[in-house]
Structures are given as C-alpha cells and as structure tokens.
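Novice: Read off the chains here:
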Amino acid sequence: MTLTADTPSDSRPGTDERPVPSEANGARTDTHCPYCALQCGMSLTATAEVTPTVEVAPREFPANRGGLCQKGWTSASLLDSPARLTTPLVRIDGELRPVSWDEALDLVAARLTELQAEHGRDAVAVFGGGGLTNEKSYLLGKFARVALGTSQIDYNGRFCMSSAAAAGIRAFGVDRGMPFPMTDLTGADVIVLVGSNPAETMPPFLQHLQGAAAKGGLVVVDPRRTPTAEQADVHLAPAPGTDLALALGVLHATVAEGLLDEAYVAERTAGFDDMWRTVARYWPEHVERITGVSAADQRALARRLAGARNAYVLTARGAEQHATGVDTVSAWIDVALAHGLPGRRGSGYGCLTGQGNGQGGREHGQKADQLPGYRTLADPAAREHVARVWGVEPDSLPAPGRSAYELLDALGEAGGPKALLVFGSNVVVSAPRSQRVADRLGALDLLVAADVVLSETAAMADVVLPVTQWAEEDGTMTSLEGRVLLRRKAIDPPEGVRSDLDVLAGLAERLGQPAGRFPADAEEVFTELRAASAGGPADYAGVTYDRLRAGEALHWPVPEADHPGTPRLFLDGFAHSDGRARFVAVDHTGPAEPPDAEFPLQATTGRVLQHYQSGAQTRAVPELADVVPDAHIEVHPDTAARAGLAAGEVAVVESRRGAVTAPVRCVPSMRPDVVFVPFHFPGGQRANLITNPVLDPTSRMPEFKVCAARLVAARAAEQEAGEAL
Amino acid sequence: MTARRVVVVGYGMAGARLADEIRRRDPEGERVALTVVGAEPHAAYNRVLLSAVVAGTMQPGSVRLHDDGWAERNHVDLRLNVAARRIDRRNRTVELDDGTAVAYDSLVLATGSRPWVPPVDGLVGDDGELAEGALAFRNLDDCDRILDAAKVGAPVAVLGGGLLGLEAARGLAGRGNRVTVVHPAPYPMERQLDPGSGRVLARTLEGFGIDFRLGRGGAKYLPGDGLKLDDGSHVEADLLVVSTGVRAETGLAADAGLDVDRGVVVDDALRTSDGRIHALGDCCRHPAAPPGLVQPAWEQAGVLADLLTGADTASRYRGTSVVTRLKAKGMDVAALGDTAVTADTADDDTEVVCLDDPTRGRYAKLVVRDEKVAGAIVLGVPDAAATITQLYDRGVRVPEDRLALLLGRAMPSAAPAAASPADLPGSAIVCRCNSVSKAKIIEAYRGGASTVDEIAQRTRASTGCGSCRDAVCGIAEWLTSTD
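Chains as they are written, first to last, in numbering that gives the first Met the number 0: chain P, 0 to 724; chain F, 0 to 482.
No wet-lab data here; the hints were simulated from the structure. Please note that a few of the clues may not be correct.
One side only, chain P facing chain F, incomplete, derived with CB under 10 Å [as the list claims (entries may be wrong)]:
(1) W72
(2) E256
(3) R288
(4) P636
For each residue, glycine too, the CB sits at the ideal point set by N, CA and C.
With the rest of the complex left out, here is chain P (with noise of 0.2 Å):
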C-alpha cells in the first residue's frame, strides 16, 4: 500500500485535491479510477519490477473521500492481463489471426470504402461508449460525421441515462446529472433514492448519505430489498414498472395533505395545473393497488419531504430502464418540485449517472442527434458553429439516425448498415434482447471491435484492435456532478497497442481526411473540443488540461478561462427561456408486457458488487470472478419451490424472447412474483436474452428492467424441449 503519509495536506485555493508529486518524485500518478462515474481518486505506482506493473491507492477526492471498492482496488490487474489484446486480429478462414496495425487497418479503411460505395454513406455505422473519454466520444462523433459521412452512430449511453437525460431537458432546459457537487448530500434530512443501488454500484457515494441515514431520512425505492435498501430508514418495494404512479401517488398525498410548496411553484414553475390534473386521478388507495405500496408509506413520505430542511430525489437506472423511463423521471422531478427541491441550495433532484464518462459521453457527439457541448443535431445554428470548427460545410453533416437498439436492429436488413465500428461496448452482452443482436451482428458484411480484451463482441468481429486502458493514456472524464477530471497516463501500454485515438486518426487518413483533421494526441484533442463546445449547454470552453493538473474543481459550464466553474445550476433561473422549471403531466401506463398466464412473473435486471456493465473487464480479474464466478437467480423461496426448485439448482427464466439459465438463489425478502437476474455475463447467462426491447418513445431507452417471465427447473426445460423434437 502507498498510502504515503508525506504528502503535505495544503489546499490551494479552487482545488480539493492533494498536490501531485512531479515526475521526478517518483513514479506516482494521481488519476481516476476506470470504472463507474463516480471517478474515485486514486493514485497508480508504477512497480515494473513485480506484478501487476502498477499498484492502486485510493486517493482523498470528494468523490470518494479515501474510498474505493472492490473493482477499484483490483482494477490494475487487467493491465497485464493474459486476456489482454496486444495485437490486431483480422479473420482469416473462420479465425481471429494476427496481423499487423497497417493490414488491419488498410483492411478496415478499404472495406468501408467500398460498402458505402456500393450502398450509401449509412451502410457503415459506429457505435460508442459511456466509458470513452470525452476525447474519444468527441473523435468518434466527427469521425462518423465527416471521414465516414454517415448518420448512423449512437453509443450503449442509450441505455443508461437517455432517459434521466430527456426528463432533465424536459423539465429545467439542461441537462447535468446532478447539478450540484456531491457534497451536497451531506447536508440533506432526507434522501430519496428511486431505483438506485449504489451499496453495490458505487460503494464510496454511500457516504454522502450518511447525514440523511443519521437523521433517519434515507428511503430507497426499489422492487428488490437490495444492500442499499437494507441500509434505508424506508424501503418502499413497488411491483417492477410502477416506480411512475408511485410518484404520482406521493404527488397526490403532497396536494391533497396541503404540503405543497406552493410560493415556490408560483415563482419558480410553470405547468402545475396540467401536471394536477392528471395526478388528481392517482389518490394513494388507487397508487396501492397499482405498486403495492401502502397508502400510509406514500402519504408518509409526502409528510417527509414537506416536513425535511434539505432534501433531494435521486434517480437512478431501475426508474429509468422502462418504455416509460422519460415520463418516470419526470414524474419523480414533478415529486420534488412540488416540493421545492430543485435550484435551491442545499436540496434538488439528481441523476445517479452510471457509466464511467456517462455524463461527458453524452454530451460531445457520439449520440445519434447531437453535436458536441450537448448541441442537437437538427439546429441549423449549432451545425454552422460545429462545422466552423470542424472545417467542413455544414451542410455535408448528416441528419440524426438510428438510436442504439434500432441501430443494431437494423444491422444487415434491407436498408440498415453493412458494417459497424463498436468502440468501448459489448453489445452482444449489454443490448436488449440480446440474441436478436447477435444475430444481426452476425449478418454484417464487417465487424470492427476495438477492445482491451477479447470482448463477446469482439470475439464475433471481422477485425479486432486492442487499444490501450485508463492508466495507459491521457483523458478527460465528466463525472455524474458535472465535474471535468483529468486521467493521467501512468505507465506505456503494451507494445502492439493503441489509443482509440491513434486508431480514429489512423482509419480517417486512410479514408482520405486531410493530415491533422483527426489528431491522435488527448490535448490536442480536448482544445478542439473546447472550441465545439463553447456556447453550448455543455460549454467547456474555459476548461484546460493545464487547470485540471493544477486540481481545479471545474463543473460545467465553463464559458471562459478564468471562469470558476458552475459547480451549482439553476440557483437563480432554470435554463428555459422564462427561467421556470416545468412540471410535466405524465400518466401510468404500466410495463409494455405485463404478467399473464403463460408468464407470470416479472422478471427485472441489475447489478453485482464485482462486476461493471457487461463484465469484460471485471470476469477477467480473478480476485473479482472468484467472488462472483457466475449469473445467478434470484427468487423467494416459495417461488422457487413452487417451480422444484431448491436453492443452488440450475433454473431457466424464460420470456417470449429467449431463456437465461442460472442456478437458483432464494432470497426472503423478494416479491414472490418477480425475479432478478444480474445482467454481467455471458452466453446462457445472458440476463438481456429475455429482456424487451421496446423503447421509450422520447429517449429510445429500451425496456431492461421488466418483462413477463416464468421459471422453471433447468432439467424441466431440457424435457420439455426433448419432448419437442
């Protein structure tokens, strides 16, 4: 361990970090960790001696304050990795063989040139990630728009927050995660965490919750009683898909118990009316019979928020997930501003973003109808500034495609892309209805993964280039406060690898881009990117590399370089033109797929502790596969009984599009009618093999967290399909 003691303990002013030592104190590198977004700080000492080439430990960051979990102290193993890529593949008879980076490449470039010869600039889509740099999101999307031409790119960020995002946007005009620091939370009576588990997801944000827990304010709101829940003062546990009317239900008891906040909806919003009207219908008897609920706990927390000094809603994916995940969110912003909670200080509603560069990676271009600094796509004026920057006609920029899941949907049918280009994501694991995916992948004319190990998705491609990992490279992260930190390179990646960058620069020179249009090296790109931000929402203009290594606390928007920061939106106006925030009217409709008959339990998706998004990384750190080797699932007991089921047995959760097989955990606390099957692993224990794939019809988020299932015994399964041959 390195927790040095030496380090002196001065703050500079604007910074809250500890100093970084210079390059010739040592080998230590402050940087971030590269999982979640909650970034933790964390220090990398390069040991080349020994293995793992560099040690991890964790740092003193807002964050994190000191903390870090499991995947964070371990996640240096993967540098040196035996899984690890260190060479391009190209599949040559059936098989990923190695070849050089100029054949690969040459490969690459020539075989798009001519699918969108034959077939149209779209015959060639990109797919990106939430956990790329905003450097690489930014390369990638004009790397779609002007090497490529095409407008089919969209990235796995689809899946996550899409829906928080619109709801954001829908309500305040803009969209930040959470638009205040962090810290904030400390200070708060009462938190309310809707579909949000981050005892397992981000472990070290557990204790900005620590002030509401103390005061006995902390209520989680999820089907499952999950770590977090166990820690609440309240959990309420709703029938999966109805987080939306429990909103309403805790909407209707503030109005109807006279709790409404009702000077600061006369000043600060607009649209109460609408909003009232629709929830008039969702008195808390009508909500209970809808989420199971009780009455009294809505009314309760109705009392407790009004009654709380400081509060805030967080949501997170488990209230996002849904076909009505935008109208969801929306739902549980009504819930707070209803309350007042929003742009006040010391209270608000948050998103709990949850890739690693969730935030930043949704704002800088890679998403199907955007531009960078969170700039939309149709809006003439932003494509003028970008292509200004960019040094084309804004005209050559094509309009909005595909989001993530019609994308993919449309790989090789009549019409949809040829070939596509996935960086940082594993969608044959991660995607919705997963073996659709597979099978569509599988129907390209070319398949280009860029991975660090040989992902699911990477082992079905055409070609495979091994790019480096956090600690190999520079980069900026936004982190879910809005926050820009710098990732520092630690150490040299192995010979044979290269950055996503290098790898973009490489392909678009081959495409015939001119020299320099497409740099390789992370600040060169980061002062572009400042350009095509600046004037935006998300503005980084005033962000440098230069400030970030000194520590600077910099939120955006950052308009200018000697601008602070925006560490706290909304405190004097919300981003609509007449400074209001707006309630939206939203109505339940329930799941796309309710139980029946045929399927009566409700199956939904989530998280372990050890593992991080579709497990390409984390399977392959041993301390972390011993742990949790495999997908499991999780019943009441009773309900596994009732299917023959003893707890440790291999069981099938079937849906109408696929199985997922797993052994059996029975687990008290579940609703009897649902099951929970953690969505990090692959083949047979694909939990996205029976997830539904309808979409939200404003954020095209897909349904993950609920569909119709049942369960049975996995040798049940192998008769009956032996009796169906």
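Following the hints, position chain F against chain P.
Specialist: Relative to chain P, chain F alone:
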C-alpha cells in the same frame, strides 16, 4: 369518412373520463364527433377528493377534472347547465331542457346516481329536498355547506355507517366537530367487514372522538336540534349528514323504454337493450360491476372508448374486482373478495387465517382458496393490506407463511445482525465493498494485524463505503479479548 356522432349525457367522473379516453384514442376528433351534456353549471370534478376539501387541506378549485379551455382544445361540444329531457330513439336525438335537440349515432348514458334517503320524519321537505341543516355528502355544494355549517366544536350527526359516512365522520372529527354515527347494523361497514373487524373499526374510530349508535335508525329529524332515534333516544346535531347509499339515476332510460333493473342493464360491450345506446358508471348495472365506486366506471370508460372510436372493437368489460379502502386519516382499512367466511364456516377447500388485536386497533383475516387470495380484511396493518391486495389483483400464489403475510412481513429483511462477532459464521461477509469475510479478518489478525487500520491495510475491509468500520472494530476487539 365522416365522424361518428357520440353524445354523452352526464358530465361527472364517468362522463368526463369517457371523454378523456375517447380523445386519447382520437385526439383530433376524426373518428368521433363528441358532445357532452352536463346538468351542473360547472366543470366535472373529482368526487374522491371531496373529503380532502372537507378536511381543509385542499381548495375546492383543485378538484376540477378539466380546466376552462378543455372542451375547445379537445374538440368537444360541451353543454353545461343543461339537462337531457327525453331520448327519441326512433329519430336518434336527445332533447335537452333548453329546447334544443342533439342527434346521435351513439348515445352514452353517464347520469350517475342520487342519494337514497331513508324514511325519517321531517328529513325531506315538501319540495322533495332535504330539510334545513341536512345534506348528503355528494358534491361540491355539499362541501361548501358542511364547511359553512359545521362550526368547530359543533355537534354533527352522520346517518349511515358505510364507507362514505365514516369518511365524512372522520373528516368532521378531524375538524373538531363532535360526531355521532347512527347506523342500523350491529357494526359499521357491514357490507365489507365481518363482526370482528367491525368491532375493531368502531373502537378505533371512537378513539378519534366519534360516537356510535349501532343497531339504531333515525325516527324523526328536528332541524337545529338533532335526530330522534327509533329507540326514543336523541342525538344532538347542528348538522345532519345523510349517507345511506345511492340509487342509480335511471329516469331517462326508463322513460325511453330501456331495460332497467336497479340500473340501466348493460352487457359486456356496455350496450343497453338498444344497441345504439350505451351506459356506464353508477347509472348502469353490469353483473360483475360493484355499485358506487369509481374504479368500474374508469375501466368501463376505457372499454367504451375502444368500441366507440374503433380502436379495439373486440374490447369488452368483464367486471372489476373490488378492493374497499377506507380513506380516513389514522385509519387503514382494506376489504376484498369473500370476507364473510370464517374458520367455523369454511369448507375443506377454504383456508381462513385470522388475527384479532382490538386493543391496538389491528385485525387481519385472510381467506385462501387454491393457494390464492379469495378474500381479506385488513385493519391497522397497512403493509399487509398493500401486499395482500397485489396478490389478489395479480392472482399470485400466496406465500407459504400466511401469518407473516398478515403481519406485513411476507418479505422480511435479511437475517438480523448477529449479536456478537463470535456468533457470526466465518463465511459471513463483513465488508461488502471488498468482499471481506470474517474468516479473512481473523486470518489477517493471526498474521499480525491487530488494529482496524492494520486489518484494513491487509484485507481492504472498511476501505469502500466505510460503513463496516464498527463491525471490523468489533471483530478486532473480540479477537483481542479471546487471545
């Protein structure tokens, strides 16, 4: 294609909901040209919220279902303050009392119900209206009158101890009135409850200052004085709230020759005996729709909108499963399904589990058939009520532990924390963030790490969210003490 002319008679909760549902399916009025006729001068309002108005937490304006611009925005020809006088089935027109007539292709009756008033001397005046100081708690005007008349501390009598009567009684008691409920049955809400739960309910309400005169009826109403009961006793009251049930408003239908039997008779397509005339809500009678509740009306509105707009011509109304919930502050009552059966009367296929705790205001009865909830009464156990209701609505099999279900603990939390580190199994995870078990901590201790910080250095326990630090500390102390 010309739009179908649909005329809705009645602009209460059912009529308003039907209009909303039709416009949800046909927003621009391309398929349905909609006329709504309402006898009251103001917009439809949400009757469910009236108790909040009486309780004083909501303004009367907040209970409106539609704003002033609603009709125009939604292409609805809204006729307020006009009553339908006659249906001309042959010419397919409705004659209104302003002398006009409206032609229809489909007519919908949503005329609702009116209070039924028991035969009590002096209660009804010569004009057929309730006498001075007596009112039915049915509409906004009643709310105004209650708020005007019921001064704080004034005595109020409620005639009728059913659901609505009790809600009114609880609201008035909450405003500081002295309330007496007069009810002819031996316990309140006898249609939904059994004797045991009825006793617990009355006892709980008595705790809120409500008096009960059970097994008694009103004999004579004396305005400004009170109510004389049929046993000769007298109940002092400045105000009398009559809540003795409702009767479907069927006059228009009966005059038109439609089949009426305690309500306008409808089939699963909500058709009356004339296929061009439909009915929904309180005024209709469908064999599987319980009377007097809003839920059936809403479900019927969805079906009827499907049929009238052609959105789903196969849509049918099959009935509503009722869950009765008393909405009264400090009271949590749920009753559903078959509640009359007891352990003594149950047959071999029926399981009855019952808990009776009158001192603490709790009562819970569960009736199970074929492993599913067939009926339940739950008082004072809100979590159980919510869970049982969902099991009933969804037809989910009942958990094996029935008693836990009745206690609201069907889905308990994880195992309680061990009292002492010694009791913890070695495999127990102490630090979740870093997957550190008690055994690993012991191993680190044996290896020389004796303080929490040393244990943390070696095992990473407590270096995540930090919440297990006390537990690690406890194990370290226990290990030191056992050395």
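Novice: For every hint, state whether the structure bears it out.
Specialist: Status of each hint after checking the structure:
1. W72: It holds, given that the least Cβ distance between W72(P) and chain F is near 6 Å, below 10 Å.
2. E256: It holds, given that the least Cβ distance between E256(P) and chain F is near 5 Å, below 10 Å.
3. R288: For R288(P), the interface hint holds, since the closest Cβ of chain F sits about 6 Å away, which is under 10 Å.
4. P636: Result: holds, 8 Å to nearest chain F Cβ.
The structure meets every hint from the earlier list without exception.
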